[in-house]
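Trainee: Here is what each chain is made of, one letter per residue.
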Amino acid sequence: MSHAPQKQNPAFYAVIGLLVFMSVGPVLLMFVNSFKLDVDILSGTSGLLFFPTIQNYETALCDILWYEPDHLRFCQLKFGGAFINSLVIAIISTVLTLVLGAMAAYGLVRFRFMGRDTVSTTTLLVRMVPPAVLLVPVFGLWNNQFCLDQDGFLGGWIKDMFGGRGDPCLAGTHSGIILIYVAMNLPFVIWILQSFIVQVPRSLEEAARVDGAGPFQVFFKVVLPLIKPGLAAAAIFTFRIAWNEYLLASALSDRDTKTVPILIVNNMSEFNVEWGVIMATGMLLAIPPIIFTLLASRQIITGMTAGAVKG
Amino acid sequence: MPRIRLEGLVKRYGAVEVLHGIDLEMADNEFTVLVGPSGCGKSTTLRMIAGLEDVSGGEIYVDDVPVSHLEPKDRDLAMVFQDYALYPHMNVAQNISFALRLAKRPKAEIDAKVRQVAGMVGLTDFLDRKPGALSGGQRQRVAMARALAKDSGIFLFDEPLSNLDAKLRGQMRAELAMMSQQVEKSMIYVTHDQIEAMTLADRIVVMHDGYIQQQGTPEKLFKQPANKFVAGFLGMPPMNFLNCQIEARGADTFVKGDGFALRLRGEIAAKAARHARKEVTLGVRPSDLSFAGDAQPEDSLKLDVKVSEYVGAQSVLLCACGDASVTVEVNSETPMALGETLVFEVNPARVHLFDRESEIAL
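Which chain is which? The protein sequence lines are A and B, in order.
Residues in the first sequence are numbered consecutively from 730, following my numbering.
Residues in the second sequence are numbered consecutively from 69, following my numbering.
Think of the hints as simulated: they come from the structure by calculation, not from any bench.
Treat each hint with caution, since some may be false.
Only pairs whose alpha carbons sit at most 25 Å apart, straight line, appear in this in silico PhoX-like list of lysine-lysine [what the hints assert, rightly or not]: (1) Lys181(B) - Lys950(A); (2) Lys324(B) - Lys950(A); (3) Lys291(B) - Lys950(A); (4) Lys324(B) - Lys291(B); (5) Lys950(A) - Lys339(B).
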């Protein structure tokens, strides 16, 4: 068969164009609107004729700018703080999920124990519970059950360090949100990593054992490097969920630990929706996942195990 | 160098016993080859020595110290795997030095060792390559180098050449033989290829169905097989077996079968004389039959030539002797035509007799 240029149906290009418009359009709209004043956004002349301004970004970033923007009387948004909260929560929960998930998946694949198959299939079942169902019980537990006595040693120390009323509880802390994110993402990560670990030839692990590696060295020096593509895929998945999650974070965070998605919604009130600022924060919110995904996806190289064994 | 001794080694998977009490003692610096058809338990035995399989019964001794409870890393051994098992994320140098790095040896020592071993197997120019960028033979060398670098007293090979093509296999076999003379180690080599076993071994251990059938030097096993299995397993083309019965005719002992009556001579005749009228199996190697038109009927077999396989200097003839088929190896210059009935003289000193029931050599 020759590779003569094929003439495509015009409808083909139309569909492609539509798909591109659908996926890129909203991002473009957000990008353009983030440089408009609210007046311009709401004026209805949705044209490209407007006076670009970075006011929205100044408002969004007011707590970390080195100068005071002219148009603001006081800095209401704490984007910097929320951004750091988001980063801390997303990164720590991703790392924890990967470490626990990889170990659990390895155990499920390599060790024989009673109920192994049941455990393996039920892990995914847990994932099917919608977060909204978890919200109420988790909120109750985090606020009332998972608390430390304020008169106790550790509880007293935490209260002295961080302040607060009543017994220090898991609710409103970074740890509380990280914990629920880890619990939520772990099943999927275990499931996805299992399929990668199955592909690591057993004789590689045996060779490492003969070469003098203990069980942990086998895992960290031989197995983990070989399932890097799986780890990267799982990391992208976990990070993005942790970064975007709204529902649980809105219930479990307090003023100091709220994440960026919650901050954005704070810009809507019954009197006023600050579209420009929302668009600007939205643009800023999108940057870390993009960087993270680009970095992680470079690890997804096929044929990692090529050359290990003769097929 | 360490001496390995197996005492009543048993392996069970659930209720199934696959090894039934293996007793084996290997001498210093000996090249021991475990050989047998697939499923005979030879790889399991090797993996138990390596510590990769649990021992269900019996004990493994290294220099009279029981080791069966030790982890592989504490057993002072190196192993070459059938599928090479190279670490794909490390380059050749890192693969070779993995064990040394785990043992936290000084860097200068590791570098020197890697260079020395790579030189031995001819990999010096490939130290920076990943296993994925190497050919099959080169990967095999890396696996060998990795085991050599460990400097352990025991060297285990699990069918290391079975993934190579025929030509490369012959070449690597010669290199292995050379290497085994250079390094002073106790080597245990598992293979299903009897040619590898014959050429490499100081001692061959033939296994079948979880039992050791016979052990000894290649020459001893070839010339004095203990039973029909060993006789049929070693040698290429395999030994011919013909059913027959021992008959005493005056002072001579004959074996009489379908279409032949062969007079036994020497040692074997004396042994057979004690078992008159016994049902036996006659074993003759294809190379012990020679084309001789004028041979006496009691010293020869009359065979119908069915197929002739020309393999160069030799031809392998597939012939019929009554209902049984017989292979003969002859000089390919021998004049003959298919369908002819020819007379082949049997080398009387190389005749084997096996009990029909127990298949043990008389």
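Trainee: Now tell me if each hint is right for this structure.
Mentor: Status of each hint after checking the structure:
| no. | hint | in the structure |
| --- | --- | --- |
| 1 | Lys181(B) - Lys950(A) | 21 Å, holds |
| 2 | Lys324(B) - Lys950(A) | 67 Å, violated |
| 3 | Lys291(B) - Lys950(A) | 50 Å, violated |
| 4 | Lys324(B) - Lys291(B) | 23 Å, holds |
| 5 | Lys950(A) - Lys339(B) | 62 Å, violated |
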